[in-house]
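Protein chains in written order, with our numbering: chain A, 1 to 271; chain B, 1001 to 1266.
No lab work stands behind these hints: they were computed from the structure.
Because the structure is a prediction, the values reported are computed rather than measured.
A virtual CB, placed ideally from N, CA and C, is assigned to each residue, including glycine.
Heads up, a few of these hints could be off.
As the list claims (entries may be wrong) - If the Cβ cut is set under 8 angstroms, some of the chain B residues that face chain A in the computed set are:
no., residue
1, Leu1023
2, Phe1036
3, Pro1091
4, Ala1093
Claimed, not checked - Stretches of chain A that chain B covers, calculated by requiring three or more beta carbons in the stretch to come under 8 angstroms of a beta carbon on chain B:
no., segment
5, 53-65
6, 172-186
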Amino acid sequence: MPVFSQSPPNAKKGARLLLPLALPLIVIIAWFAVCTLNLAPEYLFPGPAQVGATGYNYIFGDPVQGPYSGRFLEDAITSLGRVFGGFLLAVAVGLPLGVLSGRISIAQELMGTFINALRAVPGICWLPLALVWFGIGTKTTIFLVALAAFFPIYINSAAGARQVNPLLLQAGAMMGVNRLRAVFGILLPAAMGHIVSGLRLGLGIAWAYLVLGELTGVQRGLGAVIMDARMLGRIDMIVVGIILIAIMGRASDRFLTGGMRSLFKSARRAP
Amino acid sequence: MKANLKLIGGLPRAEKSPKVLDLTAVSKVFPISGGFFTAFENLTFSARTGEFLAVTGPSGCGKSTLLKIIAGFLKADAGKVLISGSPVKGPGADRCMVFQEDALFPWLTVEENVAFGLFRRGLVKKKIKERVAHFLELVGLAPFGRYLPGEISGGMRQRVALARVLVLEPLVLLMDEPFASLDMQTRQEMQDLTVSLWKELDQTIVFVTHDVVEACSLADRVLIMKGAPGRIQDDIPVNLPRPRSVDSPALLRLKAKIRQKLATGL
Ligand SMILES: Nc1ncnc2c1ncn2[C@@H]1O[C@H](COP(=O)(O)OP(=O)(O)OP(=O)(O)O)[C@@H](O)[C@H]1O
Ligand SMILES: [Mg+2]
Chain A
1 MPVFSQSPPN AKKGARLLLP LALPLIVIIA WFAVCTLNLA PEYLFPGPAQ
51 VGATGYNYIF GDPVQGPYSG RFLEDAITSL GRVFGGFLLA VAVGLPLGVL
101 SGRISIAQEL MGTFINALRA VPGICWLPLA LVWFGIGTKT TIFLVALAAF
151 FPIYINSAAG ARQVNPLLLQ AGAMMGVNRL RAVFGILLPA AMGHIVSGLR
201 LGLGIAWAYL VLGELTGVQR GLGAVIMDAR MLGRIDMIVV GIILIAIMGR
251 ASDRFLTGGM RSLFKSARRA P
Chain B
1001 MKANLKLIGG LPRAEKSPKV LDLTAVSKVF PISGGFFTAF ENLTFSARTG
1051 EFLAVTGPSG CGKSTLLKII AGFLKADAGK VLISGSPVKG PGADRCMVFQ
1101 EDALFPWLTV EENVAFGLFR RGLVKKKIKE RVAHFLELVG LAPFGRYLPG
1151 EISGGMRQRV ALARVLVLEP LVLLMDEPFA SLDMQTRQEM QDLTVSLWKE
1201 LDQTIVFVTH DVVEACSLAD RVLIMKGAPG RIQDDIPVNL PRPRSVDSPA
1251 LLRLKAKIRQ KLATGL
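Please model the complete structure; the sequences and the hints are all you need to start from.
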C-alpha cells in the first residue's frame, strides 16, 4: 500500500492560522498609540475604544437607544442582498458569454470590441444614468454592482476557456463524450482556476460598487450608514462601517471559494 | 488457441484475420502562411485485427498527423480511411489514442479518469467500478486509484492513460510515442506491459516511435516513413518469436537493416 506522508505538527499549523491576524493587530496597536499620544483631535480620529463601543452598539444595541443602535443586522442583510443580487446577475451573463468568446472566434469578434469599449468607461460614469433609469435605491445599486462585476468575470472566463489544453477535449471526444458533457465535464473544469479568479475579482469589486450605489441616499445598507454618519459628523460610525465592510468582504470571498471548492472537484483539486 | 494461431506456418497471428484499419491513398495538406504544406501524400496501408503495427520515421514526416487522422481529430484531404469497412467521420471510442503528452484530467482521480469514458455506456455504477478496478489491476496501479494525476509519476500517468482507453475496448489502439519521455527502466516496463496487455486483450495497435529498437521489439510489422512530404518507404515484417530480447542477434540485424533504410532512404 502507498505510504501517506504525515501532516505538519499541530502547533505549527495553529501558529500559521494566527498569522493573518498579525497585521490587523499591529494596526490596532498603532492606532492606540496615536490616540494615547494625542497626535490627532478626537473628533477627527476617534480611538479604538470609542469605535469599539460604537460598533458594539451598532451590532447589539437596542434600536430605541440611538440613531444607529442595533441596525447592523438589517443593514447587513440589505447590503448582502444587493451584493449577491448584482453578483449573481453578473455571473449569469458574464460566465456564459466569457466561455463562448473564449472558445468561439466569431463570438469573440462579435463581442470583444464592444465589451472592451464598455469596460474602458469608469463604473462611476454609469451612476447618473442608473439614477435616471432606476431611481435611488436597490435597483440602481444592483445595476452598478452587476455591471462592475461583469467585466472581471467575463474576461477571466474567456481567458480560462481559451487556454484549455485542446488535448483534453480531444481525449474527451475519443472517449465518446457528447457536446454537453464536453462543456460541463471537461471545458469548465479545465478552466476552473481562471473562472474562480474571475468570480473572486468580481465579488470584490461588487462590494466597492455596493457602497457607491448606497452612497446615493438609500435608507438601509452599510454604504448608507457611512454616508449618513458623514452628514452627522460621526467619524466613529464611519470607521465602524469601513471595518464591517472589510470583514464582510473578506468573509464573502471565503464563502465563495469555500462554496466553489465544495461544489466542484476541479476547484477543490486545483493542480 | 491463440498460441496456435500465432504459429501457423510461422506467420504472425494477424496474417489471416480481417482488415480492421484500411487506408487508401490518404493525403493531408495544411494551409500555412503563404501557401500549403503537404504533410504526407498517397499513404496506403492496412492493419488486420490483432496486429501490432509500428510506425517509425524522421521527425516531421507526418506520423502524429497520420494517427490524428485515424483518430478522427483531423480530416484527410484525399483518400479513404476505413475502420472495419466504414469510413471515419470523426473521433469515436472505437479508435483510442494514448497521447505523447500528458492528457489526463488533472481534477479527476486515477479511478475517475479511467471511468470517464464508461459513464455514457449505460452501465450501472457497480459494473463501472468493477471494470475500472480490473483495468487498474492490469496496468499495476490498483493501490493508486484515489490519487490525483499530479501526485503520481510520469510513467504511472502513462499507465493511467493506457488504462482509460483499454477499458473502452477500442478496435484500434493508437499510441503516439507514448513512452518517449520515460526513463529506460520505466520504458522497458511499459513496453512489456503493452505487449502482455495486447496479447491478453487482442487489440490492434498502431504504435508510433522514433526508437527503432522499440519498434522491432514490439511490433509484428514496422512501417518506415520518409519525410517531406511524408510517404511510406517500406513495410517490414518482424517474424521474431515473443518474448523478444533486445540484444538477440536477429533483432539486432533487423535494427541495423531498418537504421540503414532510414539513413539512406533506400
Ligand atoms: N496544424 C498544422 N498546421 C501546419 N502544419 C502542420 C500542422 N500539424 C503538423 N504540421 C506539419 O506537418 C508535418 C508533420 O507533422 P507531424 O507532427 O505529423 O510529424 P511527426 O512525424 O509526428 O514528427 P515528430 O516525430 O517530431 O513527432 C510537420 O512538418 C509539421 O510542421
Ligand atoms: Mg509526432
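Here's how the hints hold up against the structure:
{"no.": "1", "hint": "Leu1023", "in the structure": "violated, 18 angstroms"}
{"no.": "2", "hint": "Phe1036", "in the structure": "violated, 22 angstroms"}
{"no.": "3", "hint": "Pro1091", "in the structure": "holds, 4 angstroms"}
{"no.": "4", "hint": "Ala1093", "in the structure": "holds, 4 angstroms"}
{"no.": "5", "hint": "53-65", "in the structure": "violated (count 0)"}
{"no.": "6", "hint": "172-186", "in the structure": "holds (count 10)"}
Consistency with the previously given hints fails for numbers 1, 2 and 5, ordered from lowest to highest.
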